[in-house]
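S.K.: Sequence:
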Amino acid sequence: MTVDLSVSCLYHDLQSKWRGGFCRMMDYSLLLCLNALLFCSCSSSRPNFVLLFADDLGFGDLGCYGHPSSVTPNLDRLAAGGLRFTDFYCTSPVCSPSRASLLTGRYQTRSGIYPGVLYPSSIGGLPLNETTIAEVLKPLGYATAAIGKWHLGVGADGEFLPTRQGFDQYLGIPYSHDMGPCWNLTCFPPDVKCVGLCDIGTVTVPLMHNEIIKQQPVNFLDLERAYRDFATDFISTSAKKKQPFFLYYPSHHTHYPQYAGPGAAGRTSRGKFGDALLEFDNTIGNILTTLEKMGVLNNTLIFFTSDNGPELMRMSRGGNAGLLKCGKGTTYEGGMREPAIAFWPGTIRPGVTHEIASTLDILPTIASLAGACLPQVVLDGVDMTEMLVHQGKSKRGTMMFYPTDPSEKYGMFALRLGKYKAHFYTRGATHSGTTPDQDCPVFALLKAHDPPLVFDLEADPSENYPLSPEERPDLQALLERIKKVKEQFEAFMVFGESQISKGEDPNLEPCCNPQCSPRPSCCRC
90 MTVDLSVSCL YHDLQSKWRG GFCRMMDYSL LLCLNALLFC SCSSSRPNFV
140 LLFADDLGFG DLGCYGHPSS VTPNLDRLAA GGLRFTDFYC TSPVCSPSRA
190 SLLTGRYQTR SGIYPGVLYP SSIGGLPLNE TTIAEVLKPL GYATAAIGKW
240 HLGVGADGEF LPTRQGFDQY LGIPYSHDMG PCWNLTCFPP DVKCVGLCDI
290 GTVTVPLMHN EIIKQQPVNF LDLERAYRDF ATDFISTSAK KKQPFFLYYP
340 SHHTHYPQYA GPGAAGRTSR GKFGDALLEF DNTIGNILTT LEKMGVLNNT
390 LIFFTSDNGP ELMRMSRGGN AGLLKCGKGT TYEGGMREPA IAFWPGTIRP
440 GVTHEIASTL DILPTIASLA GACLPQVVLD GVDMTEMLVH QGKSKRGTMM
490 FYPTDPSEKY GMFALRLGKY KAHFYTRGAT HSGTTPDQDC PVFALLKAHD
540 PPLVFDLEAD PSENYPLSPE ERPDLQALLE RIKKVKEQFE AFMVFGESQI
590 SKGEDPNLEP CCNPQCSPRP SCCRC
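The sequence shown maps to residues 90 to 614 in my numbering.
FYI, nobody ran anything at the bench for these hints, they're computed from the structure. It cannot be assumed that every hint is accurate.
[As the list claims (entries may be wrong)] DMTMM-like mimics (lysine to aspartate or glutamate), calculated; alpha carbons at most 25 Å apart, straight line:
(1) K484 - E560
(2) K484 - E381
(3) K572 - E497
(4) K331 - D267
(5) K591 - E576
(6) K572 - E547
(7) K591 - D246
(8) K303 - D318
(9) K484 - E444
(10) K508 - D472
(11) K508 - E560
(12) K482 - E497
(13) K575 - D563
Go ahead and model the full structure; you've got the sequences and the hints to work with.
M.R.: Right, here's the structure in full:
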């Protein structure tokens, strides 16, 4: 038995009103009845979803995207048996805003996750009135879980953690694993210390289960095993109950400082970065094995991508953007175009697509496949079902590129329209330092382009040769089209209140012994 979509949408609408604080008692009673109806009539035939999200992984870092020494047999299996994207984009060249867009289907400018990223002591976080993928699926009876790097806020009493944003369960580090002192922590066996200092003057990085700190500092050598066990238990339990599920795995790999346990350390020729990437791949392999063992692989969409481009300032430990220009922190292709794979045996045919797609499109696609209601807000994502299932055309003709510090004053930095990309502003970034390209480091200051620099990304994906009127007599007409698209989009872009500009409060830093002294060094358990 399946649930009529109109009933599900009515439930979702009433649930939103109740959360907003103005639902009448009669509406609440109806909400309870609909909740029972939906839960009881939820069909196990609804597809499951596994969303894999790498950290700082570049376009050129995987073997299936051309890297000669990366060892990723499980990601290679997904690519060989699924649909591999060549033109897939994130929405921001840094972590927090990119994750906000992934989970909400909205540019980070709308949700207020800008400028930069959230920190352990940040007062703000992903606003609770934003609707995540997990919250879209919950009314249909889905079990939901997240493992890994959250990085969308902790807040007072854990108000922004995954368990407050639609996830039934969570195991992970609630922000980047370099946001705490790491110089004396072990990143590789038997006792190889992490490279660098990471952030000093803050609490050591915690491992949280739901909203409780289980370990501080985290044991990097055992972390991935804990994630594998958690994922196995979640999938197995859901399958046994015949309950559809959504597993979100935003990995810490391959962000600095790289780490790997005994199962991956020293097992690749690519050094520490390669070992960390292999450990990520091993966890993906464990998830695949569990899905197969429980007999639900053919009813599960697995989607893999990355949050932003590689951190080139780390040199060989920072990842690789392949033939793309620059990396993390910039709005060049290397900072925004990501590897992406969709895998669903029996539903998605193996192949390669050159259609434009984005992390923004994942929420609408999952909602469509599940028969769920879309949030009653402005969405920037489009449904990819036709492209995934029938290898059809993308509904996305444009992609907007915002910098790490977007503002209404400058608006978007770049825009892709079909195969053309126009840069209205360019700027380098600290994250993309050390490269020979002088446009990439932080010393490449903000520069306005009027008319914009325009590149044909099919002929010149490296953005080396801007088009000129001499070679393209129709360039002026193209510029007019680009200008019109930009003006139409920005006319309806409403910037949300900046959550990151709310500032920080050291007392919000997660501490397993909150009354201890002196902080932050005493926060250990």
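S.K.: Assess, step by step, whether the Cα of K484 is no farther than 25 Å from the Cα of E560, and give holds or violated.
M.R.: Since the Cα atoms of K484 and E560 sit roughly 30 Å apart, the hinted pair is violated (cutoff 25 Å).
S.K.: Just to be careful, I want the Cα atoms of K591 and D246 compared with a cutoff of 25 Å; is the pair within it?
M.R.: holds, 17 Å
S.K.: Does D472 sit within 25 Å of K508, going by the straight-line distance between their CA atoms?
M.R.: Holds, because 20 Å separates the two Cα atoms, which is no more than 25 Å.
S.K.: K591 and E576 were given as a pair; does the straight-line alpha-carbon distance stay at or below 25 Å?
M.R.: Violated, because 29 Å separates the two Cα atoms, which is more than 25 Å.
S.K.: K572 and E547: Cα distance at most 25 Å?
M.R.: Given that 25 Å is the threshold and the Cα spacing comes to 21 Å, the pair holds.
S.K.: With the threshold set at 25 Å, check whether the alpha-carbon distance from K572 to E497 stays at or below it.
M.R.: Between K572 and E497 the Cα gap is close to 17 Å, so the pair holds against 25 Å.
S.K.: Within a Cα-Cα threshold of 25 Å, do K508 and E560 meet the stated pairing?
M.R.: holds, 16 Å
S.K.: Keeping to a limit of 25 Å between CA atoms, is the pair of K484 and E381 held or broken?
M.R.: violated, 32 Å
S.K.: Hinted pair, alpha-carbon criterion (25 Å max): K482, E497. Please report holds or violated.
M.R.: Between K482 and E497 the Cα gap is close to 32 Å, so the pair fails against 25 Å, i.e. violated.
S.K.: Take the C-alpha atoms of K303 and D318, compute the straight-line distance between them, and say whether it is at most 25 Å.
M.R.: holds, 15 Å
S.K.: Holds or violated: K484 with E444, Cα cutoff 25 Å?
M.R.: The hint holds at about 9 Å.
S.K.: Is K331 within 25 Å of D267, Cα to Cα?
M.R.: violated, 38 Å
Comparing the model with each numbered hint stated earlier shows that hints 1, 2, 4, 5, 12 do not hold.
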